[in-house]
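Visitor: Based on these hints, arrange chain B on the given structure of chain A.
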Amino acid sequence: MGAAPASRDVTSYGMGLAAPLALFFLLFFVAPLLQLFWLSLHNDTAGLHWGLGQYLHFLTDPFSLGVLGSTLLLGAEVTAVCLVLGFPIAWLYQRVGPKLQTIIILIVLLPLLTSVVVRTFAWIVILGRQGIINAALQSLGIIDTPLKLLYTQFGVVIALAQVQMPLMTLPLITALGRIDSNLDDASCSLGAGSWRTFFRIVLPLSLPGVIAGCTLTYAAAITAFITQSLVGGGQMLFMPMYLYQQASTLQNWPFAAAISIIFLLAVLAVVSVFTTLGRLSRGHGGA
Amino acid sequence: MSGRRRTLEALSFELVMTVIALIALIIIIAPSLVVLIVSFTSGFSLRFPPPGYSLRWYVELWNAWQLHFAAKNSLIVALWATGLSVVLGVAAALAISRSRTLSTRLLDSLFMSPLVLPALAFGLAALMLFSLVGLPVSPLTLVIGHTVVCVPYVVRNTVAALAQLEPTLLESSAVLGASRLYTFRRIVLPLIRPGIIAGAFIAFMSSFDNVPVSLFLRDAATDMLPIRMWQDLEGKLDVTIAALSGVLIMATVALVAVMERVTGLSRRLTN
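One line per chain: the protein sequences are A and B, in this order.
First residue of the first sequence? That's 0 in numbering that gives the first Met the number 0, and the numbers climb one at a time after it.
First residue of the second sequence? That's 0 in numbering that gives the first Met the number 0, and the numbers climb one at a time after it.
A few of these clues could be false.
Stretch by stretch, here's where chain B covers chain A in the computed footprint (C-beta under 8 angstroms, at least three residues) [claimed, not checked]:
#1 29-37
#2 51-62
#3 76-88
#4 138-151
#5 184-197
#6 213-223
#7 243-254
Quick partial rundown of chain A residues pointing at chain B, CB under 10 angstroms, derived from the structure [unchecked claim]:
#8 T10
#9 L16
#10 G96
If you're looking for bench data, these hints aren't it; they were derived computationally from the structure.
Virtual Cβ for every residue (Gly too), placed ideally from N, Cα, C.
Looking at chain A on its own, in the form it has when it is part of the complex:
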């Protein structure tokens, strides 16, 4: 028994097990993105002439910049709505018994797993001219003619907020669950009111969850192609549809590639801002 290889760590596995997936990603994820980048650096659709023409075109074209701006703004609006609505859910979750907790989680989880087309379709039914909101307002005599809710920015924001809500709520529930409830009691017994305790103790301590939720919600909201195009209609153009039109309808691959790269960089920039904020907030919490 003395010959047992005691030095060998039996609790971990070799890195070789990651090789198949790493190779798969190299071939089918990294290589395509590099090829996308390579093509975006060409001025002609055949990909023969090098140049920054596609990027110059995008960055000097008010229309393209407008699409980028409205996409980033849409993400911010959806994230804000999700945070304001999602935080109270996470707060309520910590306050109810285990049975209700499971019900809340399942309610939150269900839309995450329901088809996005189905969820978006539901909003068309709700926001449409004969939809619930218009029917209710008309039967109450508040309005005479149906309101235009579908194909508006408001419609897109509310539909996207519902579609992405689980991505915000789940990290918040996790973060709030990690806060020592004694801190809450201590703050209250030291004379701080509930509102003050919430904004000065609970909210700062839950920042890692807030940031994780915001990152996921933002990234998902700006790329949510189906909801954007069905609820927004033809009038509103956001980056994913712009990209798709250029690539598919117009077959302008280099420009579509440049749009993709700019869009990727925008997403990465937002994610890294959130990640940096997250690191700062954790440092703050530990101090």
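Guide: Showing chain B alone in chain A's frame:
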């Protein structure tokens, strides 16, 4: 006096938070309920509340062969993508779960990046590469593309399950003379199985529902269900789609209920 003010203040806080939470929960659940109700309409429009109730659109759905064909394609691609994701993802999760070196953290970020990067950009990129190397779009390219965007769910859930595993269990097993493979089969796998199943379930659902990758990587003959539905909705508001949505919602509820039993899905996603 101040005590009374404080309780009023506490009450106002609790009231505001509870009311917003309830409104938010209603907003989350309402769309699915509305679709379910509308799908049983007897009329020809998506008017709510429906003028009457019937199963006519479910009968219509029964005969909608285009939707059946698309559903079958989506199901086959989702099953293959999930299978591939589990094989590749679980192996990778085992490798990166207990190591904190820079290279494992980089690999972890790489494997997770499809979750935040715009899938439509990836779909376009994959199409460009496949056409460059002369691989025509087919169910195979669909499975490859779907696997890239689905494997993160398997990796994440398996890593989380492995993190809960007591290392002493593996040590005891080794001390008692079990080989690594035997320990894996008899100790590790049974303990992480719920995590793998939960990850596979989410991967399957997200593949079945994927539009952005399928949009670029399918061939004309391979119609996918969510794309078919999307294009139907762009054209006309067909009540058959409401019936199909009803079926999908009920199937999701049933699957989530089963998964909750088998894997404790709800706890898994909040820890």
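Visitor: If a hint holds in the structure, say so; if it does not, say that too.
Guide: Quick rundown of the hints versus the structure:
1. 29-37: Satisfied; 6 residues make the cut.
2. 51-62: violated (count 0)
3. 76-88: holds (count 5)
4. 138-151: violated (count 0)
5. 184-197: holds (count 5)
6. 213-223: Coverage by chain B holds here, the residue count being 5 at a Cβ distance below 8 angstroms.
7. 243-254: holds (count 4)
8. T10: holds, 4 angstroms
9. L16: This interface hint holds because 4 angstroms falls under the 10 angstroms limit.
10. G96: At 14 angstroms from the nearest chain B Cβ, G96/A fails the 10 angstroms test, so the hint is violated.
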